[in-house]
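Visitor: Could you slot chain B onto chain A? The hints should help.
Chains as they are written, first to last, in this note's numbering: chain A, 71 to 322; chain B, 71 to 322.
In short, the hints are calculated from the structure, not lab data.
This one's a predicted model, so the numbers in the text were calculated from it and none came from an experiment.
Possibly wrong hints are sitting among the right ones.
Because identical chains cannot be distinguished in the list, a pair is counted as satisfied if it fits within a single copy or across any two copies.
Said to hold, decoys possible - Pairs of lysine-lysine, DSS-like flavour, derived with a Cα cap of 27 Å:
(1) Lys133 x Lys95
(2) Lys257 x Lys287
(3) Lys95 x Lys257
(4) Lys319 x Lys287
(5) Lys133 x Lys271
(6) Lys277 x Lys125
Number of protein chains: 2
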Amino acid sequence: MRFLVTNDDGIYAPGIRALAETLTKYGEVVVVAPNQERSGVGHAITVNRPLRINKAALFPFIKESYIVDGTPADCIKIAIEALNVDVDIIVSGINIGANLGTDVFYSGTVSAAIEGIFQGIPSIAVSLCTNPYDTDIFLDTATYYLTHLLFELETPLPKHGLLNVNIPGIPQEQVRGIKATKLGFRKFENEFEQRLDPRGKPYYWMKGIPLKPVFDKDDDHLAVEHNYVSVTPIKFDLTDYELLKKLKKDFE
Amino acid sequence: MRFLVTNDDGIYAPGIRALAETLTKYGEVVVVAPNQERSGVGHAITVNRPLRINKAALFPFIKESYIVDGTPADCIKIAIEALNVDVDIIVSGINIGANLGTDVFYSGTVSAAIEGIFQGIPSIAVSLCTNPYDTDIFLDTATYYLTHLLFELETPLPKHGLLNVNIPGIPQEQVRGIKATKLGFRKFENEFEQRLDPRGKPYYWMKGIPLKPVFDKDDDHLAVEHNYVSVTPIKFDLTDYELLKKLKKDFE
Numbered sequence: 071m072r073f074l075v076t077n078d079d080g081i082y083a084p085g086i087r088a089l090a091e092t093l094t095k096y097g098e099v100v101v102v103a104p105n106q107e108r109s110g111v112g113h114a115i116t117v118n119r120p121l122r123i124n125k126a127a128l129f130p131f132i133k134e135s136y137i138v139d140g141t142p143a144d145c146i147k148i149a150i151e152a153l154n155v156d157v158d159i160i161v162s163g164i165n166i167g168a169n170l171g172t173d174v175f176y177s178g179t180v181s182a183a184i185e186g187i188f189q190g191i192p193s194i195a196v197s198l199c200t201n202p203y204d205t206d207i208f209l210d211t212a213t214y215y216l217t218h219l220l221f222e223l224e225t226p227l228p229k230h231g232l233l234n235v236n237i238p239g240i241p242q243e244q245v246r247g248i249k250a251t252k253l254g255f256r257k258f259e260n261e262f263e264q265r266l267d268p269r270g271k272p273y274y275w276m277k278g279i280p281l282k283p284v285f286d287k288d289d290d291h292l293a294v295e296h297n298y299v300s301v302t303p304i305k306f307d308l309t310d311y312e313l314l315k316k317l318k319k320d321f322e
Numbered sequence: 071m072r073f074l075v076t077n078d079d080g081i082y083a084p085g086i087r088a089l090a091e092t093l094t095k096y097g098e099v100v101v102v103a104p105n106q107e108r109s110g111v112g113h114a115i116t117v118n119r120p121l122r123i124n125k126a127a128l129f130p131f132i133k134e135s136y137i138v139d140g141t142p143a144d145c146i147k148i149a150i151e152a153l154n155v156d157v158d159i160i161v162s163g164i165n166i167g168a169n170l171g172t173d174v175f176y177s178g179t180v181s182a183a184i185e186g187i188f189q190g191i192p193s194i195a196v197s198l199c200t201n202p203y204d205t206d207i208f209l210d211t212a213t214y215y216l217t218h219l220l221f222e223l224e225t226p227l228p229k230h231g232l233l234n235v236n237i238p239g240i241p242q243e244q245v246r247g248i249k250a251t252k253l254g255f256r257k258f259e260n261e262f263e264q265r266l267d268p269r270g271k272p273y274y275w276m277k278g279i280p281l282k283p284v285f286d287k288d289d290d291h292l293a294v295e296h297n298y299v300s301v302t303p304i305k306f307d308l309t310d311y312e313l314l315k316k317l318k319k320d321f322e
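Chain A on its own, in the form it takes in the complex (with noise of 0.2 Å):
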């Protein structure tokens, strides 16, 4: 098996280097990442400038793997199309922090995974739910379910769907399973900060406070916030369908 992996994190970030590791264990590796953190970032690509593509000699267990000066999805674009690299399945994470909900649409990390459906190859985004500065990242209990849902389930994943999973920020044996979920909705508030500078002049910080938010009982924090692996199937046509009935009716 030929594996594709990237982040938005960073090609210097744990999580990226515990998840090409990992995967080693089970096929070929290849490395395509940016060269810094590139959170929040969605599914932007470079259009406006030139990107560079430069040979990392970061991770000595894999052939090769490479630093794009570009966004997670500029990473699988030029992997696949300039970089020719020849691949069954891309993985982008191991993010550090939860993408779950409308997060997704601000993900890095889900965006190269989304990017990779539409280049017609079946795409995982795993995120481990916990903070940066914790003391304790348990990326050992994201490799191990992650392992799981690739190689160990009695039916196996589904070949051309595209699965954002989230992992509990906990130690392995605390997990209480893996629930199937869909993406719920998640409001922040009151985002930003206004500061000043030196000279006086108001800058803003974006905060992002989550909002208790309303549940259902299949939504993907939930799962989460229970102690589960939460596995949200995604497809990419935002088509709202049933509106589209209507107004198909009110413009004939």
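Guide: Below, chain B alone, put in the same frame as chain A:
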């Protein structure tokens, strides 16, 4: 009626000026837009540095306009959550260039409208399907059909939906009507052109030559190709419910 207007071509672009000027005939307009072109930026938000907001004196015909050194999604968040703009409807555009099918994932124009819906405000993305370097850019066609859709329909547009509107880049009298459409799938080929810098080191330009798409009769690009205005209702739930049903069984 109070309108919030943004775009991804930047606050200096002709499209946003035409849009703001047109909407002043129907109500109050506030412009909050990026300080530079942010095409292809998708739903990126700025979390790793603070943002600046400057009052703009660009549009003599409206009371308030602001320049933000961020993305279109940042502009919507800042307008609502830092500037506390009171708004009935968000209009993003007029983008010079189509936003059809899977383009919506890369489009700053559409992402601003999706962000509007996250904020609970009805939102419309408007794109003129033309090349920025064409001699004639038919912005009049776009403003005509936008105001028609907003104010002159027998059945008013859904209050809480999000609409992605693409307008053919042709004179108004050549437009054949309006069609409700679904997002099609367009793939691009041969996306990276390698060039050498003066020191002989390669760099890569993303090109994006669209392949002839596989058509479904309701596709958005088909409508525009046939000189119709395309109106696609969009929702933001990316969950694949069919696959979810199957996975739920697998994980039980």
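Visitor: How would you classify Lys319 and Lys287 at a CA-CA limit of 27 Å: within, between, both, or neither?
Guide: between (34 Å within a copy, 16 Å between copies)
Visitor: 27 Å Cα cut-off: does Lys95 pair with Lys257 within a copy, between copies, both or neither?
Guide: neither (39 Å within a copy, 33 Å between copies)
Visitor: Evaluate Lys133 and Lys271 at a C-alpha cut-off of 27 Å and name the case that applies: within, between, both or neither.
Guide: This pair counts as between: shortest inter-copy Cα distance 22 Å, intra-copy 50 Å.
Visitor: At 27 Å max between alpha carbons, let me know whether Lys257 reaches Lys287 within a copy, between copies, both or neither.
Guide: within (17 Å within a copy, 36 Å between copies)
Visitor: Using 27 Å as the alpha carbon limit, work out where Lys277 and Lys125 are close: within a copy, between copies, both or neither.
Guide: Between copies only: 22 Å across, 35 Å inside.
Visitor: At 27 Å max between alpha carbons, let me know whether Lys133 reaches Lys95 within a copy, between copies, both or neither.
Guide: within (13 Å within a copy, 62 Å between copies)
In this structure, only the earlier hint numbered 3 is contradicted, and the remaining ones agree with it.
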